[in-house]
Amino acid sequence: MNVYAFLAITLSCLLTACGDRRSSSERFAQDGILIIGNNSEPQSQDPHKATAVADGKIISTLLEGLVRPAPTQDGEVLPGTAERWEHNDRADVWTFYLNPSAQWSDGTPLTAHDFEYAYKRLLHPQFAGKYAEMLYPLLRAEDFNKGRCDWEQVGVKALDKHTLQLTLSGPTPHLPRLMLHFTWFPIPKHKVEVLGGMLDRRSLWTRPENWVGNGAYVIAEHRFNDYLSVKPNPRYLRAAEVKNRGVRFLPIVNGYTETRMYMGGKLHITNNVPPEMLAYAAAECKQDFCRDPYYCTIFYRLNTSRPPLHDSRVRRALHLAINRSALVDKVVRGAGTPTVTFTPPGAGYSVSAATEPNTQAEREALARQLLAEAGFDGGKGFPVLELMTTSRDVQRVMAETIQAMWEQVLGIHVDIRSCEWTAYKSAQQNMEYDISSSSWSGDYLDPATFVELWRSGGGNNCTGWGSAACDAALESARATGDADERRAHLQRAEELMLRDLPILPLYHSERTYLRSRQHVNNWQPRLLDNFPLDAVEVKP
Amino acid sequence: MIKLIFKRLAQGALVVFVLETITFFLVRMLPGNPFLGERKLPQHVMEQLNSLYGLDQSALSQYFNYWKNILTAGDFGPSLVREGLQVSDIISAAFPVSLWLGILGMSIAVVLGIPAGMLSAWWKNRWPDTLLMFAAMLSICMPAFVIGPMLGKTLGMHVPGLSVAGWDNPLCALLPALTLGLINAAYLARLTRGGMLEVLSQDFMRTARAKGAGATRQLFVHALRSGLLPAVSYLGPAFAALITGSFVVETCFQVPGMGLHFVNATTDRDYFLIQGLVLCYGVLIVAANLVVDLALVALNPRLRTQGAA
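So the protein lines, in turn, are chains A and B. My numbering runs 19 ahead of the 1-based position in the first sequence. Take the second sequence: its position 36, counting from 1, is numbered 27 in my numbering, and each next residue is one higher.
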C-alpha cells in the first residue's frame, strides 16, 4: 500500500466515524447484533481447556451438548443435539438418541462418536484436562483420568452413529442439568485429528479460520483483548429459531470502564456493575439497571488445622460476631442476601442453619460467651490471626469491616493480608492461611455443586475440616436415584458442615449489571448467568 | 560515531541479557504457578501440565532451553494461560496498537510540552509562566486513572466521533493518546523550562541580545538547541515506555495494547509471556536510549569530542 492510499483510507475512516453520529450500540442493534461485556479475554474456545465463566459464555454459543437450557424456565432442559433420551430405573444408565440431521458447521455429520471422542479427550490422562472432574460421574471416568484403567472400561459407548450410551457410577437423576456445562459438549473429531490430534493441547482447531462447531453460531472474528464476534451458523439444528444476527463479546475486566462504556453507547449488556457504582448506575440508568440472584456464595474459609481455629467454639464465636446485614448494606451496597448457610436457594433446595439467637445483640453476647469458654475471655490471650483477601477493593473493605466487628465484639485483633490473585489462590489451596476470603459459584444448577465441596480431603475443601458423618451423607446422596431422598441427604451433609463451621458464610451474591431495554428483548435472568444468547432479540 | 553506536549496542545487548536472566529466575520465585485456577487441580493434572511445558525440569535447564529456542528457532515459547497462542502472536497483535497510541501520545506531549516550557522560560516568573507551570504540576499530580475517565466522561460522551472507550474506529485513539500526552507534556514542559532557563542566562545569549537578536531568533536559533537537552534525554525512555503500553490508560479506555499484558501476565504467572514482554521492552529501551545518545551528540558538539575520547 502506498502512502497516498494509506492516507486516503485513514481519512475516509475518520470521516465515516465523524459522519455517523449513532453510537455503537445503535449501529449494531440496527444490524441485529448484540454487544455484551464478558469480563475477561477468553482463555480458549476449546471446551477441554477453558475453565472461566467468560469462556463458558462464548463456548455455549459455539457448541451445543446433548441437551440445551430452556429459554423460558431456569433449570429446565430441552433436547439439544439429542432429540430424546431415556434412562433405567436407577438413573445410572442413560441412552441419548442424536438428531440424525445434526451436523457440524462444515457440513460433516455429527455422530455419537464425536461425543465419545470428546469425553475421552477430556478424561485422557495425557491431555491433562483441568475440568476433567466434571465427567467423573461417568463409570470409571476418574480411574481412566488417573491412568488406572483403559478407556474401554469407562461408561461411554457410541452404540451406533446416532446412539450414545452413558453408564454412570451411581444414580444421577440430575444428569441433564449437569450436561448443560460446556465440558459435556462435543468437539469435531475430524477437525481435531487433522490439526494435531486428540492429545495436542496446542492444536489450532479453535482459531477462527479453522473453527468448526455445532452451536447456534460460528466464530466470525477474534481480535485479541479487543473483541470476539460470532455469527449465525446456517447448519445449526434450529438455525431458524436464532433471534439475532450475531453476538460481539468485549473482554472488559474493569467494571468502571464497562459501566462508562455502557453509558457512552458501546454495549447492550454489561457483565458487572461494581458495588461502588451501584447507586450511581441505578440513578443514571433507572430502567436498565438489573439486579438478579446469582448461584454464588461469598464466605470465609477457616484453617481448622491451626489453633485456635481447630476449636469449634472459637469458629462459632467468629461466626456470631459478624453483623451480616450491616456488611451487605454498607460494603456491597445491597448486592447480596445475608446468609448463615452455604448453598444459595434455588433448584428446589434450601437448608436451615443451626439454631441461633434472633437479634444481633444476643448473637454477640453468645459469641463472647463461647470465646470465654474456649479460654479467651474478652479476647485475652487470643493470638493475632491473619485474614487473607485478594487485592480487590470490595474484598479489602469487607475484611476491614469484619476486622472491626471482631475487635469490637470479641476484643480480638486480626491482621489483614491483601494478596494478588495467584499468590492468594496458591496460599489458599496449600492452606497457608488462618482465615481466607472465598467465593464459590455453581457449575450446574444443583446443590451438589456446593455441598460436595465439603467432602473430607476434597481438592477445594481447603479448610482441613472433614467429617465421617458428612461424607456418609454425601455418599448416600450419590447412591440414591430418588430426587427427594437425595436432596434430604445433601441437606443433612450441609447441616453437619454448618454445625462445625469450617467456614463463615457471609452472603449469597447478586448479579448487578446494565441491560438496554431499548435494544434487548426476551432476556431473562438465570441463576448461573447462562441465558441462551440465541434467544435474545436485538431491536434497532 | 560508528564506534559509539557499536559500544552502545554491545552495552545494550548485555543489559538486555542480564535483564532477561534476572526476570527468568524472579518470576519463577513468585508464589503460585500458571495453572492455578478457581478450582484446585488434581495432582496428576498439574504434573502432566508441568511436564508438557517443561516446567518440571530444573530452573537452569529451563533457562538454557529458553535461550536455545530463541536463538535457534526464534521461538519465544507458548502462552501458558492462553494455550494454543504463542508469545510472538500475542505481542505482534498488541504491539502495533501500543505503537500507534505511543506515537500519538508522544506527538501530543511534544507539541504541547516543549512550546509550553519555552514560553514559560521566556516569561520567567510572570503570569504565563505561573499559569503554565501550575497546569503542568496539576497534570503531573493527577494520575492517569483520574484524567482518563474524566476525558472519557466529558469529551468521549459528548463530542461526536470521539469514543468513551473501546478500539472500534480510528478516533478511539484520541482520548487515550491525549491522556498519555498530557502527563508527558507536563514533564516535558518542566524539563524544557529548566533547560531553557539555564541557557538563557548564559553569556552567549546576552551577547545575542546585545547584538539585537529578536525574541524568535534568540529562542529558536540560539537557545533551543542546548535548552532541549534535558527534554531529549527524557524523550527516549518515555517514548519506549509509551509504545510498550500503559496498563492504566489501556484499562480506562479498553485498548488492546501491551500494557494490559504486562500486568496480566505477571498476575497469571504466564512465564514465557512475561519474559517475551520484558525482552521486547528491554530492546526498545536500549534502542530508544541509543537514539537519544545520538540525538544528544548531534545537539551538543561538546559530547562529540567526549564520545571520540
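Just to be clear, a hint being listed does not mean it is correct.
As the list claims (entries may be wrong) - If you want a taste of the chain B side facing chain A, the calculated C-beta under 10 Å gives, among others:
| no. | residue |
| --- | --- |
| 1 | R19 |
| 2 | L32 |
| 3 | Q39 |
| 4 | L43 |
| 5 | D47 |
| 6 | P69 |
| 7 | V72 |
| 8 | S79 |
| 9 | A84 |
| 10 | A85 |
| 11 | Y178 |
| 12 | E189 |
| 13 | F244 |
| 14 | L251 |
To be verified - Below, a list of computed lysine-lysine pairs in the PhoX-like style, where the Cα atoms sit at most 25 Å apart:
| no. | chain 1 | residue 1 | chain 2 | residue 2 |
| --- | --- | --- | --- | --- |
| 15 | B | K202 | B | K115 |
| 16 | A | K305 | A | K558 |
| 17 | A | K210 | A | K250 |
| 18 | B | K31 | A | K139 |
| 19 | A | K305 | A | K349 |
| 20 | A | K180 | A | K210 |
| 21 | B | K144 | A | K165 |
| 22 | A | K139 | A | K176 |
| 23 | A | K305 | B | K31 |
Treat the hints as calculated values from the structure; they're not laboratory data. A quick note: this is a predicted structure, and the numbers were derived from the prediction, not measured. We put the CB at the ideal spot given by N, CA and C, even for glycine.
Going down the list of hints, with the structure as the test:
no.: 1; hint: R19; verdict: violated, 13 Å
no.: 2; hint: L32; verdict: holds, 6 Å
no.: 3; hint: Q39; verdict: holds, 4 Å
no.: 4; hint: L43; verdict: holds, 6 Å
no.: 5; hint: D47; verdict: violated, 12 Å
no.: 6; hint: P69; verdict: holds, 6 Å
no.: 7; hint: V72; verdict: holds, 6 Å
no.: 8; hint: S79; verdict: violated, 12 Å
no.: 9; hint: A84; verdict: holds, 5 Å
no.: 10; hint: A85; verdict: holds, 7 Å
no.: 11; hint: Y178; verdict: violated, 26 Å
no.: 12; hint: E189; verdict: violated, 40 Å
no.: 13; hint: F244; verdict: holds, 7 Å
no.: 14; hint: L251; verdict: holds, 6 Å
no.: 15; hint: K202(B) x K115(B); verdict: holds, 22 Å
no.: 16; hint: K305(A) x K558(A); verdict: holds, 19 Å
no.: 17; hint: K210(A) x K250(A); verdict: holds, 20 Å
no.: 18; hint: K31(B) x K139(A); verdict: holds, 21 Å
no.: 19; hint: K305(A) x K349(A); verdict: holds, 21 Å
no.: 20; hint: K180(A) x K210(A); verdict: holds, 18 Å
no.: 21; hint: K144(B) x K165(A); verdict: violated, 54 Å
no.: 22; hint: K139(A) x K176(A); verdict: holds, 10 Å
no.: 23; hint: K305(A) x K31(B); verdict: violated, 40 Å
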